[in-house]
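A.B. asks: Input sequences plus hints: build the corresponding full structure.
The primary structure of each chain is shown beneath.
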Amino acid sequence: MENKQTYTISIYTENNIGVLNRISAIFQRRHINVESVNISKSEIKSVSRFTVLIKTTEDQMKKIIGQIEKQVEVIKAYYHTEDETIYQESCLFKLSAKLLIDNDEIQKIINNSKSRVININRDFFVLEKSGNKEEIEELYHTLDKHGIMQFIRSGRIAITKDELPVSEMIKSFQNK
Amino acid sequence: MATETKTKNKETSSKTIRISGAEAVIRCLMAEGVDLLYGYPGGAIMPVYDEFYKFQDQIHHVLTRHEQGATHAAQGYARATGKVGVAIATSGPGATNLITGIADAQIDSTPMVCITGQVGAHLLGTDAFQETDIVGISTPVTKWNYQITKASDIPKVMAKAFYLAKSGRPGPVLVDITKNAQFEEFDFSYEKCTSVRSYKPKCTVKEEQLKAAATLINSAKKPMIVFGQGIILGEAEQEFKNFIEKSNIPSAWTILGLSALPTSHPLNVGMVGMHGNYGPNKLTNECDVLIAIGMRFDDRVTGDLSRYATQAKVVHFEIDPAEVNKNVTADVAVIGDAKESLQQILPLINEKNHEAWLKEFRDLNQTEYDVVIKDQLFPEKDGLTMAEVLKEINEASGGDAIIVSDVGQHQMIACRYAEFNKTKSNITSGGLGTMGFALPAAIGAKMGRPDREVVAIIGDGGYQMNIQELGTILQTKAAVKIVVLNNEFLGMVRQWQQLFFDKRYASTEMVNPDFVTIAKGYSIDATRVTKREELSKSVKEMMASKDAYFLEVCVEKEGNVFPMIPTGSSVSEIRLE
Numbered sequence: 001m002e003n004k005q006t007y008t009i010s011i012y013t014e015n016n017i018g019v020l021n022r023i024s025a026i027f028q029r030r031h032i033n034v035e036s037v038n039i040s041k042s043e044i045k046s047v048s049r050f051t052v053l054i055k056t057t058e059d060q061m062k063k064i065i066g067q068i069e070k071q072v073e074v075i076k077a078y079y080h081t082e083d084e085t086i087y088q089e090s091c092l093f094k095l096s097a098k099l100l101i102d103n104d105e106i107q108k109i110i111n112n113s114k115s116r117v118i119n120i121n122r123d124f125f126v127l128e129k130s131g132n133k134e135e136i137e138e139l140y141h142t143l144d145k146h147g148i149m150q151f152i153r154s155g156r157i158a159i160t161k162d163e164l165p166v167s168e169m170i171k172s173f174q175n176k
Numbered sequence: 001m002a003t004e005t006k007t008k009n010k011e012t013s014s015k016t017i018r019i020s021g022a023e024a025v026i027r028c029l030m031a032e033g034v035d036l037l038y039g040y041p042g043g044a045i046m047p048v049y050d051e052f053y054k055f056q057d058q059i060h061h062v063l064t065r066h067e068q069g070a071t072h073a074a075q076g077y078a079r080a081t082g083k084v085g086v087a088i089a090t091s092g093p094g095a096t097n098l099i100t101g102i103a104d105a106q107i108d109s110t111p112m113v114c115i116t117g118q119v120g121a122h123l124l125g126t127d128a129f130q131e132t133d134i135v136g137i138s139t140p141v142t143k144w145n146y147q148i149t150k151a152s153d154i155p156k157v158m159a160k161a162f163y164l165a166k167s168g169r170p171g172p173v174l175v176d177i178t179k180n181a182q183f184e185e186f187d188f189s190y191e192k193c194t195s196v197r198s199y200k201p202k203c204t205v206k207e208e209q210l211k212a213a214a215t216l217i218n219s220a221k222k223p224m225i226v227f228g229q230g231i232i233l234g235e236a237e238q239e240f241k242n243f244i245e246k247s248n249i250p251s252a253w254t255i256l257g258l259s260a261l262p263t264s265h266p267l268n269v270g271m272v273g274m275h276g277n278y279g280p281n282k283l284t285n286e287c288d289v290l291i292a293i294g295m296r297f298d299d300r301v302t303g304d305l306s307r308y309a310t311q312a313k314v315v316h317f318e319i320d321p322a323e324v325n326k327n328v329t330a331d332v333a334v335i336g337d338a339k340e341s342l343q344q345i346l347p348l349i350n351e352k353n354h355e356a357w358l359k360e361f362r363d364l365n366q367t368e369y370d371v372v373i374k375d376q377l378f379p380e381k382d383g384l385t386m387a388e389v390l391k392e393i394n395e396a397s398g399g400d401a402i403i404v405s406d407v408g409q410h411q412m413i414a415c416r417y418a419e420f421n422k423t424k425s426n427i428t429s430g431g432l433g434t435m436g437f438a439l440p441a442a443i444g445a446k447m448g449r450p451d452r453e454v455v456a457i458i459g460d461g462g463y464q465m466n467i468q469e470l471g472t473i474l475q476t477k478a479a480v481k482i483v484v485l486n487n488e489f490l491g492m493v494r495q496w497q498q499l500f501f502d503k504r505y506a507s508t509e510m511v512n513p514d515f516v517t518i519a520k521g522y523s524i525d526a527t528r529v530t531k532r533e534e535l536s537k538s539v540k541e542m543m544a545s546k547d548a549y550f551l552e553v554c555v556e557k558e559g560n561v562f563p564m565i566p567t568g569s570s571v572s573e574i575r576l577e
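Line by line, the protein sequences give chains B and X. With the first letter of the first sequence counted as 1, position 81 gets the number 81 in our numbering; the numbers rise by one all the way through. With the first letter of the second sequence counted as 1, position 460 gets the number 460 in our numbering; the numbers rise by one all the way through.
These are calculated hints, taken from the structure and not from any lab test. For glycine and all other residues, C-beta sits at the position ideal for the given N, C-alpha and C. Treat the hints with care, as some may be off.
Label-pair distances were calculated between CB atoms; the ranges are [unchecked claim]:
no. : chain 1 : residue 1 : chain 2 : residue 2 : range
1   : X       : 204       : B       : 83        : 29 to 37 angstroms
2   : B       : 28        : X       : 215       : 53 to 61 angstroms
3   : X       : 128       : B       : 38        : 28 to 36 angstroms
C.D. replies: Take a look at the structure:
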């Protein structure tokens, strides 16, 4: 049995209703759990970019790319291993405002973790941190001792180190 | 939509007329050359049906007796004609009843457009009467689908639907139209869709792929071809024939490739797969180059994949890049349309003679004849066999009939024994294995090709899954010949129970109604055959009839289909008994 590893999938699609459903159905049908998903604008006007994280074998990964690209509204799909992309996740912590006043340690944690306070009021403050999963996990564990009121982490977003030919392809479509 | 599709100005398309969305649907259908479609009315699609009434001289709507019947009829029409089949239904249950046919069309690459009515846009998501999320439900089984909520979207979406259904690897497309969009008036004009920017229907065949394929094929000492429906869908029958006749390569077919090459062709070595012929299955594991054309290495074809043609280099001609290396790794893949690929490779192919190798197929098939086929065609026991019914049909039709089979033992027998002279003549539910397919599909095939004899071969189980479509025959007078091979069992399941579950016949024995009386109730001439001496005369009588005809043949109860590759076995472990 070939080893499973984490793959980041980048998918360029038309910005239409139902594309997410079509793509998620491809994973569901193959009994694959999606670790994280992010959908946003891309560098190309009116084209969306999906970033999907899954754990699978390379053989399966290639087949899934084929199935994704087969979808009418998918322009192009790529898969990348961990070392082929620069990636980030973002997270928010809601913490009690008292901690800022009563606890010197919090200030140190904020400085050391390169996170930043993005909102503060009488009852609570919100701490934002971007980084990789491990950095965020570490911050979570450090803050957990002080009591986290709310925590949320985004899906991974990833930029490839190598150039992707998709922009040229879209340009050629638009020029036709 | 505007940014994604390209359209072609045609005829009077620059002129607009102010019409309702419902009328626009009809005009779109007519612009796409649709003069016949199948469906069932209901609340959310009534505005469109009102237009069918007005346009009844120009477009013929066939009322089936169930929406599933409408999809299979559309499939039968599409498979017999090569055109897009169209089915239409209302929202909710009407729409969900289409799903089996849509899934069938998806897995068998049948071009089909399904139109469903939907509750008004303001009611979406409110659990309104007969509201169902048909776009969500149909997503995994459609090539594309779309929900229209305003009339002005209708022309572009319909154009895109027809283009997508037919182009590249064909498939089903569903268009869901909310009721308000059907009522709404707008300025209509129609332009056919010619491209969708995110969609590449087929690749231009690459020269280096052709050269690599030709080198392998020319170097082969024991080459073997397995061809599928890609030949038929790509209308590449002549190119395929030229290719095999030049290279003299033995050619075997998948169930959906059947009829692309005449049965009598000297290079036709029979069917591959679970109930295929002895020669091509055995020799799959002995050939040195396996050339797959327009087929997808379904598990029913390959048996145990880890022991499938491992000795052979594989050349895969395929239009859908996702099929290449999906099940069997190709040493060389030629991605593109079968017609273009075969045309372009022909000059690169050496003329060869593989007589000794071909003889190996013939010898093994002779063994199969001696052990299996002879007893099936000329039985010495009392019970009628399914195969001898097919033999009589062959004799009466001369191999010119369209054979529509259902799913089960009779399907395997029909595909094994029916003879074909012409392409697009074998219509069956291959990938999905949908019992109940044949009766409505035969209606569609007959309406699409009224010039041809259409014979439906159905088991007693599958017949009762869409038996209501006898009503469609009654109303339309579609001259379909229906042959029910009645063994009072769900025969294929029973065969597996006998072979693999120690004869524990759980829920496979059928207590059947009087099928002849039922047919007569629908004013269809009907006969029952129970004895061998009645068979030939009854089949001839049926074939001679100008109208629909029902023939029930009571066959032996516990007949088995052989050869057989048991699940998990290798193709070379094919059993003759």
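A.B. asks: Taking the CB of residue 28/B and the CB of residue 215/X, does the distance hold inside 53 to 61 angstroms?
C.D. replies: Taking Cβ atoms as reference, residue 28/B and residue 215/X lie about 42 angstroms apart, which means the hint is violated.
A.B. asks: At the C-beta level, are residue 204/X and residue 83/B separated by a distance inside 29 to 37 angstroms?
C.D. replies: At 34 angstroms between Cβs, range holds.
A.B. asks: May I ask you to test the hint 28 to 36 angstroms on the CB atoms belonging to residue 128/X and residue 38/B?
C.D. replies: 34 angstroms Cβ-Cβ, so the 28 to 36 angstroms window holds.
The structure does not agree with numbered hint 2 stated previously, though it agrees with all others.
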